[in-house]
Amino acid sequence: MRLLPIVEHAVKGRVWDCRMCGQCVLHSTGMTCPMTCPKTLRNGPCGGVREDGHCEVTPEMECVWTVAERRSRSVINPNAWEREFDHLRPPVDNRLRGTASWSNLFSGRDRQTPLGWDGATYSPDLTVESSLGEVDDIDSLDAGFHERNPLP
Amino acid sequence: MSRLSELVESRERHIVTAEFPSIDGGGLDAVRSKLDPLLPYVDAINATDNPAAHAHASNVSIAIALATLGAEPILQVVCRDRNRIAQQADIMGAALFGVENICALTGDDVTAGDEPEARRVFDLDSPQLIRVARGLAEGRYLSGRPIANPPRLFIGAVENPSAPPLDYRVKRAALKSNEGARFLQLQICYYPDRLEKFITGCVAEGIDVPTALLPTVCLTKSARALTFMHDNVPGIDVPDDIRRRVASAANPAEESYQVTREIAQHALSLRGVAGLHITDFRHDGSLARLVGDLGLRP
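Residue numbers (my numbering), protein chains in the order written: chain A, 34 to 185; chain B, 491 to 788.
Keep in mind that the hints were calculated from the coordinates and are not lab data. Where a beta carbon is used, it is the ideal one built from N, C-alpha and C, also for glycine. Watch out, some of these pointers could steer you wrong.
Claimed, not checked - Pairwise CB distance ranges, derived in the manner of DEER restraints: (1) A:L37 <-> B:G516: 53 to 61 angstroms; (2) A:D151 <-> B:E499: 25 to 33 angstroms; (3) B:S551 <-> A:H120: 34 to 42 angstroms; (4) B:G516 <-> A:P157: 40 to 48 angstroms; (5) B:R493 <-> A:D85: 50 to 58 angstroms; (6) B:D783 <-> A:E93: 40 to 48 angstroms.
To be verified - Computed from the model, here is a short list of chain A residues facing chain B with C-beta under 7 angstroms: (7) E102; (8) A153; (9) P157.
To be verified - Listed next, the in silico SDA-like pairs over lysine to any residue satisfying Cα-Cα at most 25 angstroms (straight line): (10) B:K687 <-> A:H60; (11) B:K661 <-> A:H60; (12) B:K661 <-> A:R116.
Bound conformation, chain B alone (with noise of 0.2 angstroms):
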């Protein structure tokens, strides 16, 4: 059993999951040099799916890497670049080298990316994919062909508590928890309302129990990070407010640094919520403040 997954079961405390940099090169050293700072502060590691729709090292290379170096993986399919024949046969190959957790997403758009010419996919949508790899750790491929050896997998997905239509988004939720998600990283949501109120609503609809809930908190050093964040990453919106706190302060790093323990202090507030994932565009050691400042000790 994956540790993610015994964390999922036993809720004994909050659980960290970071997001993994991406790796364009420089072998297995680079890896280890960016999975250094990390380990001791996360339970379980994204490995990215070409995000934002860039190129990078692959999901299930980096899975592979992040697994071989100690870590434990999460391995992020997304259904833009892929059919739905090699979705299957990554989760498979990824689960060969022990990789269990999968987390399924629809993906941003090839035009979110540097290369918006190239043709998207979109075979299944995320919460088919959820149900094509419950059936193969049940013992079968979409297709219906048995698996003599089925993978072990724990399988999770994503939800965006702050994208219209708001009040869909907990039937959302739903549905993905139904289709097997034991677990939903949420998108970075800078308001602490929308969040609280998706977390009530997942809380009344019971899906908290068998899903852990993991709101996502990013950490950023400046305004302008913050500001290319609103404007490029599909799905982001930051207020005004909070822009303009960053952007006057006198130690803006500092400030952007506070403002993420604090939307991350919240999100730990809420019943409901098993923990957080953590974005760090800032590789500073912040990620491991951090940890230390919520007293989260994986």
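Isolated chain A, as found in the complex (with noise of 0.2 angstroms):
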């Protein structure tokens, strides 16, 4: 499996300049790879694009984003598609860089995001500051723990 990110960045980096996020959108940004913003922006142009419609950073560059706009209404272009272009796109999760897209699609795991981007919550048992607060506090500790676990 770890020929397959080389595989699929020899592909979609030659003719998407794909940037490997592992998470891949092409499909809904007008087969455009956002990633190649300078920006990085998921969800669309910044307010900062020319007047000719190239970039705020790369000035000789077409704005990514006018680009896949304008692919995404193109006749060749399948309608599901052209509607996705619309849709919010999630953050991307940093730790799916340099991934195979592929197989996170077929995993799902690029699906997934943030409990709370979807309106979901976790138990607040979970986290860090409660479990301390509890090995902090004395008297959880079950009888023998500092004769197991000396001070160094």
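Please dock the two separately framed chains into a single complex, following the hints provided.
In structure tokens form, the structure reads like this:
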């Protein structure tokens, strides 16, 4: 499986200048990689696009999102993909950088988002703070803890 | 509830917000001296977040100072300098001091500033930040960790009605409105036809109902200032005829004011516009004059 990211990059890097974010959204962005935007924006163009449609940061380059928006309306782009252009794409999971988005797509890993993104919460019992609070409480330690774990 | 949120809700009159000048020292006295000329004329004031990628006293510190001095701050949060953890912490920290209004921006690139070698962050983008801020107000961090006493937040954002791809800007405003932006401060636009088309598009999509549209006007003194903005501020294009008009006027400062007044009057005449956001580079009482001339009385 370690070969897969290399193969993916060899193909997508050449065609789409793929940056291997590991959570490919090309189909929803007019087959234009949003990670090639200098600000790596996932949800449309910033307000700095120049009068000629070029990038605020790299004036010689057309804004990635100007291109993406145009391509998304192309007749060869499937309608479902065109509609997805306007959907909110979640924040990048930085842990996936360099991994193969192909395997992340099949496993569903690329669609995992932080719980709060879709309104869910987790049990606060699991926080480091509450765990440490417990450990810090001398009464909560079992008998013999310090004997078994002497300070250096 | 913040005064801004009440006005957006009631729409009883036009709303006036303004940009607060950057502060680099001098304690609260410096903040007070910049605030006094603004305070009587505006409903809420933007505590900017390292504007044009130049470091200044932080957005959170200025927002707290403004609140302390009796003004209603709008905490700008840009995506350029901090990751999602720090952005959430800033919003939560400011909220401890009663800062409710948040304005989510992408932010000018680091190359627009005086430290172009800095690392750019952009961990979130502005539509994502709007959703994350809404989550805080609903009682959870992005991670899903619950917040026992969620902050009261009134969330807004910006949009540029004048930057390509022009036809897409309304959709982008809709995306931000749908995610919870209740006001949109619109980038300075020297093309009345573009602003009109954008606002008309927003009205057609019903965006102006939940979300107050606040076009920005900019008070400048000279053709040089307009040219500087045109050349150096990302996303702002000042047409030649406006620059020529100011440059060839007998009194360029007065002509600049009149240009701004005309743009502001046109903006306020559009159905769907809820008020104005004012950026004042003159600091000579023109903001008070403009508010008076336009009949805006907060």
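We went through each hint and held it up to the structure:
1. Range check, L37 (chain A) to G516 (chain B): Cβ separation about 58 angstroms, and the 53 to 61 angstroms hint holds.
2. For the hinted restraint 25 to 33 angstroms between D151 (chain A) and E499 (chain B), the CB-CB distance of approximately 27 angstroms keeps it satisfied.
3. Separated by about 36 angstroms at the C-beta atoms, S551 (chain B) and H120 (chain A) satisfy the suggested range of 34 to 42 angstroms.
4. G516 (chain B) and P157 (chain A) have their C-beta atoms about 42 angstroms apart, which keeps the hinted 40 to 48 angstroms range intact.
5. Between R493 (chain B) and D85 (chain A) the beta carbon distance is about 41 angstroms. The supplied range of 50 to 58 angstroms is therefore violated.
6. Roughly 43 angstroms separates the CB atoms of D783 (chain B) and E93 (chain A), a value that falls within the hinted 40 to 48 angstroms.
7. Taking 7 angstroms as the C-beta contact cut-off toward chain B, the hint placing E102 (chain A) at the interface holds, the least distance being around 5 angstroms.
8. Below 7 angstroms, beta-carbon pairs count as interface contacts, and A153 (chain A) has one with chain B at about 5 angstroms; its hint therefore holds.
9. Below 7 angstroms, beta-carbon pairs count as interface contacts, and P157 (chain A) has one with chain B at about 6 angstroms; its hint therefore holds.
10. Under the criterion of a C-alpha separation no larger than 25 angstroms, the hint pairing K687 (chain B) with H60 (chain A) is inconsistent with the structure, at around 30 angstroms.
11. Restraint check: the Cα-Cα separation between K661 (chain B) and H60 (chain A) comes to about 19 angstroms, which is no more than 25 angstroms; the hinted pair holds.
12. Between the alpha carbons of K661 (chain B) and R116 (chain A) the distance comes to roughly 12 angstroms, so the proposed pair stays at or under 25 angstroms and holds.
In the structure shown, a violation is registered for the earlier hints numbered 5, 10, in ascending order.
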